[in-house]
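Chain residues, written in single-letter form:
There are 2 protein chains.
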Amino acid sequence: MGERPLPTNEAELALARAAAAHRHESLYSERAANIKQSAVRDVFEISLRPGLVSLAGGNPFLQSLPLEKIGGMAYRIITEDGLAALQYGGGQGTEELRAQICEVMAEEGITDARPENVVVTTGSQSAQDVACKVFCDPGDVVLCEDPTYVGALNTFEAHQIDVVPVAMDAHGLVPEELEARIAELQAAGRSVKFLYTIPNFNNPSGISLAPERRQRIVDICRDANILVLEDNPYGLLKFDGTPHPTLRAGNPEDVLYMGSFSKILAPGLRIGWALVPEHLLRRFYLASEAVTLCPPTFNQLLISAYLDEHDWRGQIATYRSLYAERCAAMLESLADFMPEGVEWTTPDGGFFVWVTLPEGIDTYPLLQPAIEAGVVFIPGAAFSPGDEPSNKLRLAFSAVATDKIREGVRRLAPVLERAVSAAR
Amino acid sequence: MGERPLPTNEAELALARAAAAHRHESLYSERAANIKQSAVRDVFEISLRPGLVSLAGGNPFLQSLPLEKIGGMAYRIITEDGLAALQYGGGQGTEELRAQICEVMAEEGITDARPENVVVTTGSQSAQDVACKVFCDPGDVVLCEDPTYVGALNTFEAHQIDVVPVAMDAHGLVPEELEARIAELQAAGRSVKFLYTIPNFNNPSGISLAPERRQRIVDICRDANILVLEDNPYGLLKFDGTPHPTLRAGNPEDVLYMGSFSKILAPGLRIGWALVPEHLLRRFYLASEAVTLCPPTFNQLLISAYLDEHDWRGQIATYRSLYAERCAAMLESLADFMPEGVEWTTPDGGFFVWVTLPEGIDTYPLLQPAIEAGVVFIPGAAFSPGDEPSNKLRLAFSAVATDKIREGVRRLAPVLERAVSAAR
Numbered sequence: 001m002g003e004r005p006l007p008t009n010e011a012e013l014a015l016a017r018a019a020a021a022h023r024h025e026s027l028y029s030e031r032a033a034n035i036k037q038s039a040v041r042d043v044f045e046i047s048l049r050p051g052l053v054s055l056a057g058g059n060p061f062l063q064s065l066p067l068e069k070i071g072g073m074a075y076r077i078i079t080e081d082g083l084a085a086l087q088y089g090g091g092q093g094t095e096e097l098r099a100q101i102c103e104v105m106a107e108e109g110i111t112d113a114r115p116e117n118v119v120v121t122t123g124s125q126s127a128q129d130v131a132c133k134v135f136c137d138p139g140d141v142v143l144c145e146d147p148t149y150v151g152a153l154n155t156f157e158a159h160q161i162d163v164v165p166v167a168m169d170a171h172g173l174v175p176e177e178l179e180a181r182i183a184e185l186q187a188a189g190r191s192v193k194f195l196y197t198i199p200n201f202n203n204p205s206g207i208s209l210a211p212e213r214r215q216r217i218v219d220i221c222r223d224a225n226i227l228v229l230e231d232n233p234y235g236l237l238k239f240d241g242t243p244h245p246t247l248r249a250g251n252p253e254d255v256l257y258m259g260s261f262s263k264i265l266a267p268g269l270r271i272g273w274a275l276v277p278e279h280l281l282r283r284f285y286l287a288s289e290a291v292t293l294c295p296p297t298f299n300q301l302l303i304s305a306y307l308d309e310h311d312w313r314g315q316i317a318t319y320r321s322l323y324a325e326r327c328a329a330m331l332e333s334l335a336d337f338m339p340e341g342v343e344w345t346t347p348d349g350g351f352f353v354w355v356t357l358p359e360g361i362d363t364y365p366l367l368q369p370a371i372e373a374g375v376v377f378i379p380g381a382a383f384s385p386g387d388e389p390s391n392k393l394r395l396a397f398s399a400v401a402t403d404k405i406r407e408g409v410r411r412l413a414p415v416l417e418r419a420v421s422a423a424r
Numbered sequence: 001m002g003e004r005p006l007p008t009n010e011a012e013l014a015l016a017r018a019a020a021a022h023r024h025e026s027l028y029s030e031r032a033a034n035i036k037q038s039a040v041r042d043v044f045e046i047s048l049r050p051g052l053v054s055l056a057g058g059n060p061f062l063q064s065l066p067l068e069k070i071g072g073m074a075y076r077i078i079t080e081d082g083l084a085a086l087q088y089g090g091g092q093g094t095e096e097l098r099a100q101i102c103e104v105m106a107e108e109g110i111t112d113a114r115p116e117n118v119v120v121t122t123g124s125q126s127a128q129d130v131a132c133k134v135f136c137d138p139g140d141v142v143l144c145e146d147p148t149y150v151g152a153l154n155t156f157e158a159h160q161i162d163v164v165p166v167a168m169d170a171h172g173l174v175p176e177e178l179e180a181r182i183a184e185l186q187a188a189g190r191s192v193k194f195l196y197t198i199p200n201f202n203n204p205s206g207i208s209l210a211p212e213r214r215q216r217i218v219d220i221c222r223d224a225n226i227l228v229l230e231d232n233p234y235g236l237l238k239f240d241g242t243p244h245p246t247l248r249a250g251n252p253e254d255v256l257y258m259g260s261f262s263k264i265l266a267p268g269l270r271i272g273w274a275l276v277p278e279h280l281l282r283r284f285y286l287a288s289e290a291v292t293l294c295p296p297t298f299n300q301l302l303i304s305a306y307l308d309e310h311d312w313r314g315q316i317a318t319y320r321s322l323y324a325e326r327c328a329a330m331l332e333s334l335a336d337f338m339p340e341g342v343e344w345t346t347p348d349g350g351f352f353v354w355v356t357l358p359e360g361i362d363t364y365p366l367l368q369p370a371i372e373a374g375v376v377f378i379p380g381a382a383f384s385p386g387d388e389p390s391n392k393l394r395l396a397f398s399a400v401a402t403d404k405i406r407e408g409v410r411r412l413a414p415v416l417e418r419a420v421s422a423a424r
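Top line first, the protein sequences correspond to chains F and E.
UniProt numbering numbers the first residue of the first sequence as 1 and each following residue consecutively.
UniProt numbering numbers the first residue of the second sequence as 1 and each following residue consecutively.
Keep in mind that the hints were calculated from the coordinates and are not lab data.
Worth double-checking, as some hints may not be accurate.
Claimed, not checked - Here chain E is said to cover these stretches of chain F; the calculated rule only asks that three of the stretch's residues, wherever they fall, bring their Cβ under 8 Å from a Cβ of chain E:
no.: 1; segment: 16 to 24
no.: 2; segment: 27 to 35
no.: 3; segment: 65 to 79
no.: 4; segment: 280 to 290
Stated by the list, open to error - Partial list, derived from the structure: chain E residues whose beta carbon lies under 7 Å from chain F:
no.: 5; residue: A14
no.: 6; residue: L27
no.: 7; residue: N59
no.: 8; residue: K69
no.: 9; residue: I70
no.: 10; residue: G71
no.: 11; residue: Y75
no.: 12; residue: D129
no.: 13; residue: D137
no.: 14; residue: N154
no.: 15; residue: A224
no.: 16; residue: L269
no.: 17; residue: R270
The beta-carbon is built from N, C-alpha and C at its ideal position, and this holds for glycine as well.
The shape of chain F in the complex, shown without the other chains:
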């Protein structure tokens, strides 16, 4: 080693770096150009400043978890079963956890799921990535709700997918709009691979797809030979405790369902899953294995112990009433403080309220004044492909105490008021 002398000072080092950067520019994949930093990331970092009320991050509230009990489980798993827990495991996930995941899905109305069709993934984010791998070539089209989850958009963009948003109204995705988009795209010879949808308490809008639209959405996709990717991380967090029926329940061949322990237990364990139609399972599973080899064994055993030994249904009920209370506080605060011309959704579950300002107002430039006023939100533009301005913004109530929610909305109100007045 070391025939070639290393740069000896900062200037030489900088020069070597610049030269390497220039040389290596040609090595990037085409898709690398599509990998961008989302505006949301900056906001999350800002959110950590003391004194700010962050209505930005969709973090679950973990304070009510039985930490003593979970800690004890972790201790026991490592001391009694550490040789398995710390070792490589099967690429599809442990049999025990996959069976338990079927029980969780049964709570959401999916009663015919078999553990063999479950693939455990590194959060459901990774399941989205694997689905893109398996189904999408560059230039293929994926449909999604407008607005939709920013992390999914990042994944789609990283796969050079052409993301076509479909309009929602207060009852969710509009079937006629979906039909129209598909017809246009297919008439233009485009290859539409799947509809990515969050039918329950959509992130960011908080809107749920109306019951009467649900089968219709699947039927439209089936008739056009388009898969449905149903992302349902918040499904069990309907405030009244009666989950919306899933799209997957009646459509085992046409819906690839994604679930997650991030919202009902702990995102820091990064365990999600996909329930994959039998005929698509093998390739999905092998693609998942090629990404991570296997999901973390220890985390799977810990979740298995939690599901086995703790009243997880009761825990979800606790979360539900907590989030219901926080949502109510946010809605009440919005009613109390928001200026005329501002509207918002009334979610029946989940983490988010979606605020709409009068047309023509871009919420992105309002972020800085909001931060100065001591509150953070996510501008609506983050949740659509493309860079068009948006007159919407997302408020998350999940991780903030009710009094802080009120204070945050109170701080936000004059910022929006000034924008609304200026736009008149």
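Got chain F sorted already, so can you dock chain E onto it with the hints?
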């Protein structure tokens, strides 16, 4: 829901599935066709049969880990810091762990790594996947050692990469061969993106790249404007405790280095990392985030506690002497039992011995008789792209006690002997 009646019996269900499978065939990506089940997977499943001696799996031996202590750390982290440990974390990994990873890499001779340039990943498998995302378009070329890690081959194939193996000899990758392959490929107008290399105790061959070849390999790649992906999971497991110099050490701009806690601590935590040249960092990091959002927080905190509170260097020393002893047992058994005409490598670290049979013998058909004789290995064909037969096989000594290693080799000998005799 449910206007459309669900299939009511098995026959109807099977019919619906077959129809869906037919309809959806057109939805697969081009790369999905490249996602195959590796022969290795079947072998791993067979390995679990009782009574068999498995020399197949490259699992680390975890019995010597301080499980009581690690269990205590897990308990403490969840009970005292659970709200952070179980929550989302930064996409690049925790600052504490990235700083500690720099200390681990310092043990391998990388003394200029900065935590800002470390990206924590879901095992180093995920780092390979992200590298493919960032650098490779379908049809691009990646060079690798022949033979190389089967998991990397799966990842490359899933990305529709044209994998071109470069010959090794007893001293590792042959520089002249590397030069020749690059010259041919570039003359043919091919886009060669990186060399994937495991310079230390290569999986599966156990061969280490000779010191005098190391800088030359990097220089060849630099001159041809090809990145080096250095995969070094076994780096600290050199039997004599004096790690080989890494390719990265003297070449911070040209080598993307990948490390892992899977072999020096616990694969079941699925934590690896990439040390990324400054000028490539941003896209690498964002692509990693798009796959998994963030690495599991709890696992990172647990590894941080382990590195902080346990004599991890001493633990590695324990592993080193254990693996050295097992390797010695395997080499001695091979010398005692193997028929004439069979050769093998003499590794100076790592997990594997690579056995070569006389030319013309395919080791794949020997697997079944070996299993019947009570021993499992991995046929050499698994470790090269393409499906050509191979006269090599991999034996792993890492997870098996010395007496079992001897018994396994003793069982394998007559199987190979018959093949060698038949081929004469």
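Here's how the hints hold up against the structure:
no.: 1; hint: 16 to 24; result: holds (count 8)
no.: 2; hint: 27 to 35; result: holds (count 7)
no.: 3; hint: 65 to 79; result: holds (count 12)
no.: 4; hint: 280 to 290; result: holds (count 7)
no.: 5; hint: A14; result: violated (10 Å)
no.: 6; hint: L27; result: holds (5 Å)
no.: 7; hint: N59; result: holds (6 Å)
no.: 8; hint: K69; result: violated (9 Å)
no.: 9; hint: I70; result: holds (5 Å)
no.: 10; hint: G71; result: holds (4 Å)
no.: 11; hint: Y75; result: holds (4 Å)
no.: 12; hint: D129; result: holds (5 Å)
no.: 13; hint: D137; result: holds (5 Å)
no.: 14; hint: N154; result: holds (5 Å)
no.: 15; hint: A224; result: violated (10 Å)
no.: 16; hint: L269; result: holds (6 Å)
no.: 17; hint: R270; result: holds (4 Å)
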